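Visitor: Sequence:
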Amino acid sequence: MVSCQFLSFSAFFVLLFGVKISVTQVDVGTETTSPEPLSTAICTTCSCADGVVNCMNLNLTVFFEIPDWDGLRDFQPLSVNLSQNPITHVTRISKLPIRELNLSNCDIQTLEDGSFVYLEDLAVLDLSNNKISTSAINKKVFAGPLGLIGPVNFKNMQYLSLANNDLHSLAQDLFLFMPDLLHLDLSDNPLAFIDQVTMGAISDLKYLKELKLSNCELETLPDGLLRRQRKLRRLDISNNRFTTIPSVLKEAPSLTYLNLDRTPIQTLDSNTALCNLTKLQELSLSRLSRLQNVSAGALAGLGDLTILRMNYNPRLTNLDPDFLVSKNEDDEEVWPNLSELYLNNNNLSSIDSAIIDNWKELVAADFSTNPYVCDCKNQWVVDVLVPLLITMSANSSINNMV
1 MVSCQFLSFS
11 AFFVLLFGVK
21 ISVTQVDVGT
31 ETTSPEPLST
41 AICTTCSCAD
51 GVVNCMNLNL
61 TVFFEIPDWD
71 GLRDFQPLSV
81 NLSQNPITHV
91 TRISKLPIRE
101 LNLSNCDIQT
111 LEDGSFVYLE
121 DLAVLDLSNN
131 KISTSAINKK
141 VFAGPLGLIG
151 PVNFKNMQYL
161 SLANNDLHSL
171 AQDLFLFMPD
181 LLHLDLSDNP
191 LAFIDQVTMG
201 AISDLKYLKE
211 LKLSNCELET
221 LPDGLLRRQR
231 KLRRLDISNN
241 RFTTIPSVLK
251 EAPSLTYLNL
261 DRTPIQTLDS
271 NTALCNLTKL
281 QELSLSRLSR
291 LQNVSAGALA
301 GLGDLTILRM
311 NYNPRLTNLD
321 PDFLVSKNED
331 DEEVWPNLSE
341 LYLNNNNLSS
351 IDSAIIDNWK
361 ELVAADFSTN
371 PYVCDCKNQW
381 VVDVLVPLLI
391 TMSANSSINN
401 MV
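FYI, full-length UniProt numbering numbers position 332 of the sequence shown as 332, with every residue one higher than the one before it.
If you are wondering where the hints come from, they were derived from the structure by calculation, not from laboratory data. All figures in this text were calculated on a predicted structure; none of them were measured in a lab. Every residue gets a Cβ at the ideal spot worked out from N, C-alpha and C, and that includes glycine. Fair warning: there could be bad hints in the mix.
Below, computed lysine-lysine pairings styled on DSSO-like, alpha-carbon distance capped at 30 Å [said to hold, decoys possible]:
no.	residue 1	residue 2
1	K377	K360
2	K206	K231
3	K95	K209
4	K155	K209
5	K250	K327
6	K131	K209
7	K155	K95
8	K360	K279
Restraint ranges, calculated between C-beta atoms of paired labels, are given here [what the hints assert, rightly or not]:
no.	residue 1	residue 2	range
9	E112	S339	45 to 53 Å
10	Q196	E329	34 to 42 Å
11	P321	S393	22 to 30 Å
12	N271	K231	22 to 30 Å
13	L78	E112	17 to 25 Å
14	L58	K95	20 to 28 Å
Between the sequences and the hints, there should be enough to build the whole structure, so can you do that?
Guide: Here it is as structure tokens:
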């Protein structure tokens with residue numbers, strides 16, 4: 001009789017979020033069996049080359065299962081693209097060195113708890129352009145890699161896109177396991193209002209460098225939203241319903257890029273939070289359908305500003321010559337050193353020569369398609385500005401116009 005030792009145990013990792021993962025070892029003895037061959041389903045269906053698995057637009061309706069993912073162990077994929085497939089449900093993926101996972105432009109409605117717990121190296125996750133609702137995602141779905149007693153933080157996660165889904169709010173502690181996230185895109189979701197729980201989820205990301213909230217039907221942003229985002233550099237809040245500059249911007253003095261396009265802001269004056277953004281380098285105030293007036297000092301204090309887009313504002317008739325001017329400690333007037341200025345397609349009858357201190361510092365500009373009045377006030381345009389733009393165009397690939 002062959003003597004064999006039978007060992008059976010079942011250990012459960014009870015995760016913080018309540019998901020149980022069973023680890024079982026059975027029938028350890030003298031008898032051995034040949035391992036089952038690895039599945040080739042994924043690389044038979046998709047293209048696998050140079051560390052990239054490309055399954056884009058293959059009309060896949062069902063997510064691959066664990067045995068299928070196990071078949072990639074020898075291939076060691078770094079990037080997986082499953083975009084543009086009518087997949088509705090995402091399940092768990094095997095332990096693989098995947099750094100980039102693209103699940104955009106599918107029909108995803110639900111995700112299994114712990115879908116990404118085995119992806120220790122995950123850095124980029126794109127879930128944009130799906131049908132994910134508020135109830136479909138929580139900290140269980142985004143649980144981090146398994147440690148000894150439960151999930152730990154994703155150590156490399158930098159980019160997450162949930163853009164263009166059906167999110168009305170965010171669950172508490174949604175990003176619990178990705179605290180080092182650098183880029184978050186929530187654009188094109190019907191948030192309408194940022195409640196306390198949603199604000200808490202966002203404000204927990206204190207290392208965030210870029211936040212996109214474009215086209216979220218927002219009428220205001222709550223105070224405190226950006227208070228912990230001391231490293232925030234880029235903010236896109238375009239295509240929302242703000243009628244005034246959100247005061248919360250004063251909480252983000254380190255911003256270098258701000259997009260306020262396509263908002264119904266009516267006037268810009270010196271009393272807005274824009275003047276607190278002293279490190280801002282690029283500002284876009286385009287396609288503001290109701291903007292009529294930009295008063296003196298409206299953009300004062302933006303000493304680092306190099307690119308200003310204030311174009312396609314059909315009602316903008318009044319642009320004060322001092323809208324960029326601030327004063328230093330010696331009460332001297334100071335202008336930002338703009339390298340690009342776009343004032344085209346507004347309703348301006350004139351461009352004052354005083355809006356910029358040194359026009360020769362411009363390398364790109366467009367002042368075209370405005371109803372200019374032909375009078376002495378605009379003579380400088382013919383004598384100075386047009387020749388300058390011609391020179392700029394000759395020295396640059398950028399089309400400069402007046």
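Visitor: Would you mind marking each hint as holding or not holding in the structure?
Guide: Taking the hints in turn, this is what the structure says about them:
no.: 1; hint: K377 with K360; verdict: holds, 20 Å
no.: 2; hint: K206 with K231; verdict: holds, 7 Å
no.: 3; hint: K95 with K209; verdict: holds, 29 Å
no.: 4; hint: K155 with K209; verdict: holds, 17 Å
no.: 5; hint: K250 with K327; verdict: holds, 20 Å
no.: 6; hint: K131 with K209; verdict: holds, 26 Å
no.: 7; hint: K155 with K95; verdict: holds, 15 Å
no.: 8; hint: K360 with K279; verdict: holds, 23 Å
no.: 9; hint: E112 with S339: 45 to 53 Å; verdict: holds, 49 Å
no.: 10; hint: Q196 with E329: 34 to 42 Å; verdict: holds, 41 Å
no.: 11; hint: P321 with S393: 22 to 30 Å; verdict: holds, 25 Å
no.: 12; hint: N271 with K231: 22 to 30 Å; verdict: holds, 27 Å
no.: 13; hint: L78 with E112: 17 to 25 Å; verdict: holds, 23 Å
no.: 14; hint: L58 with K95: 20 to 28 Å; verdict: holds, 24 Å
Checked against the numbered hints above, the structure breaks none of them.
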